[in-house]
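Asker: Heads up: the sequence lines are chains A and B, in that order. Under full-length UniProt numbering, the residues of the first sequence are numbered 1 to 246, in order. Under full-length UniProt numbering, the residues of the second sequence are numbered 1 to 246, in order.
Just so you know, these hints were derived from the structure itself, not from any lab. Incorrect hints may have been included.
Any copy will do: because identical chains look the same in the list, a pair fits if it lies in one copy or spans two.
[Stated by the list, open to error] With a Cα cut of at most 25 Å, we get these calculated DSS-like pairs of lysine-lysine:
hint, residue 1, residue 2
1, LYS203, LYS243
2, LYS7, LYS72
3, LYS243, LYS181
4, LYS181, LYS72
5, LYS56, LYS243
6, LYS72, LYS243
7, LYS140, LYS181
8, LYS56, LYS7
9, LYS181, LYS138
10, LYS140, LYS203
11, LYS56, LYS138
12, LYS181, LYS154
13, LYS72, LYS154
14, LYS154, LYS56
15, LYS72, LYS203
16, LYS243, LYS154
Number of protein chains: 2
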Amino acid sequence: MNTKKEKMIPVMEIFGPTVQGEGMVIGQKTMFVRTAGCDYQCAWCDSAFTWDGSAKDEIRRLTAREIVNELKATGGDAFSHVTISGGNPALIRHMGELVEHLHEQNIDVALETQGSIWQDWFLSIDDLTLSPKPPSSKMKPNLQILDDIISRLKDQPSNNYSLKVVVFNDEDLDFAESIHKRYPNVLFFVQTGNNQVHEENDKRLVSDLISRYEWLIDRVMERAALNRVRVLPQLHTYVWGNKRGV
Amino acid sequence: MNTKKEKMIPVMEIFGPTVQGEGMVIGQKTMFVRTAGCDYQCAWCDSAFTWDGSAKDEIRRLTAREIVNELKATGGDAFSHVTISGGNPALIRHMGELVEHLHEQNIDVALETQGSIWQDWFLSIDDLTLSPKPPSSKMKPNLQILDDIISRLKDQPSNNYSLKVVVFNDEDLDFAESIHKRYPNVLFFVQTGNNQVHEENDKRLVSDLISRYEWLIDRVMERAALNRVRVLPQLHTYVWGNKRGV
Numbered sequence: 001m002n003t004k005k006e007k008m009i010p011v012m013e014i015f016g017p018t019v020q021g022e023g024m025v026i027g028q029k030t031m032f033v034r035t036a037g038c039d040y041q042c043a044w045c046d047s048a049f050t051w052d053g054s055a056k057d058e059i060r061r062l063t064a065r066e067i068v069n070e071l072k073a074t075g076g077d078a079f080s081h082v083t084i085s086g087g088n089p090a091l092i093r094h095m096g097e098l099v100e101h102l103h104e105q106n107i108d109v110a111l112e113t114q115g116s117i118w119q120d121w122f123l124s125i126d127d128l129t130l131s132p133k134p135p136s137s138k139m140k141p142n143l144q145i146l147d148d149i150i151s152r153l154k155d156q157p158s159n160n161y162s163l164k165v166v167v168f169n170d171e172d173l174d175f176a177e178s179i180h181k182r183y184p185n186v187l188f189f190v191q192t193g194n195n196q197v198h199e200e201n202d203k204r205l206v207s208d209l210i211s212r213y214e215w216l217i218d219r220v221m222e223r224a225a226l227n228r229v230r231v232l233p234q235l236h237t238y239v240w241g242n243k244r245g246v
Numbered sequence: 001m002n003t004k005k006e007k008m009i010p011v012m013e014i015f016g017p018t019v020q021g022e023g024m025v026i027g028q029k030t031m032f033v034r035t036a037g038c039d040y041q042c043a044w045c046d047s048a049f050t051w052d053g054s055a056k057d058e059i060r061r062l063t064a065r066e067i068v069n070e071l072k073a074t075g076g077d078a079f080s081h082v083t084i085s086g087g088n089p090a091l092i093r094h095m096g097e098l099v100e101h102l103h104e105q106n107i108d109v110a111l112e113t114q115g116s117i118w119q120d121w122f123l124s125i126d127d128l129t130l131s132p133k134p135p136s137s138k139m140k141p142n143l144q145i146l147d148d149i150i151s152r153l154k155d156q157p158s159n160n161y162s163l164k165v166v167v168f169n170d171e172d173l174d175f176a177e178s179i180h181k182r183y184p185n186v187l188f189f190v191q192t193g194n195n196q197v198h199e200e201n202d203k204r205l206v207s208d209l210i211s212r213y214e215w216l217i218d219r220v221m222e223r224a225a226l227n228r229v230r231v232l233p234q235l236h237t238y239v240w241g242n243k244r245g246v
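So here's chain A without its partners, still in its complex pose (with noise of 0.2 Å):
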């Protein structure tokens, strides 16, 4: 089926058609293509079977035109966005083929990412979300990095990417001011954390996200210097719970 020059992608899975139920473009009717691996292991991460072993089984090395054909298969012609999330799809230097041969087919295409590494095929991305990772992730964001991506993404229209960042707690919530004050003209979402990925009693999980949503809203509330901010949930928790694949 493939020749020798097409080159893999790692996919976990594709679904949809769903609601975006985060950031920039929250509602946005898309197609998810989840990729396989990723450059850190965040320790509350939503979907750590991309990258914890837990789900290698599921993983297959598709090309680009195969993922279109599954997303044609799957979607059918109900959708016109598809969204490119993992993982950390920014780890596939190729990625650029299925961005172009979605842009072909007059689909836009969004990215999640948390800027730890860039690709030059973020500069054809519809709507890019950039997630530095909060000091409760144990991860340590390489600012550096980011702001080489940040400074490459200048001449972008502004509302084609944005910075996001998740919050648990009051630390996380200076670290999210910090970001906004090291890009003060870019985008900029904070967003409730999900601290219960394996709660599997959705009206206990949905009451519970929804008081940290509006102790989040609070919070930002108080701070002058997070005016400019947008305050979101991820609102398919709301919907299906922690449940994959919707």
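With the hints as your guide, set chain B onto chain A.
Answerer: Below, chain B alone, put in the same frame as chain A:
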């Protein structure tokens, strides 16, 4: 206090900072100025107190400067964004004064209106939401007026304005689809309606509103004519139920 020349704005309430719970800048930290008076009487209006006489004693006639002063007194320096809502604030011909005063202080301004009336000061609004009312409202939007409004906005940046249709049932969704087809290049949102604006049991309300959101997502996912669409709830009702002033 007021010189004779200053024009008065009928204000129902001023509150914040809080988050914008819906539409194109959902999650944005903002102050709200809610004006009194409406040319519509939607069957399910969630702010009927602005026009049904039930809160007429709360209406104050304020100048643009007085409104700015009250915003500052209420929100201090913890805001850079003001949302003007109603009622229908587009009824007020001289609202442009308030927009100017706010812009002078580097404060962005959002406006929410049904799109039944054009005002030249719409061109100064940073986030303009036009929300033509669906059949369940029992109102009949004049689409010639909406055509005119959209055509006057055509040179604005595309992320400065949007259409939003509230959807309670399939007939409303058909209406939403017809609006999206009429203005395919305008940023488009569909939003769950709240048919229990007097429910005081927050848990019951939220559970029901989330079910309605899931219903709307499912319906939009099926329709290829609704691919470039964002589907959102009213987030503030998840956090604060039907409370006013938050």
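Asker: Out of the numbered hints, which ones does the structure contradict?
Answerer: 3, 10, 13, 14, 15, 16
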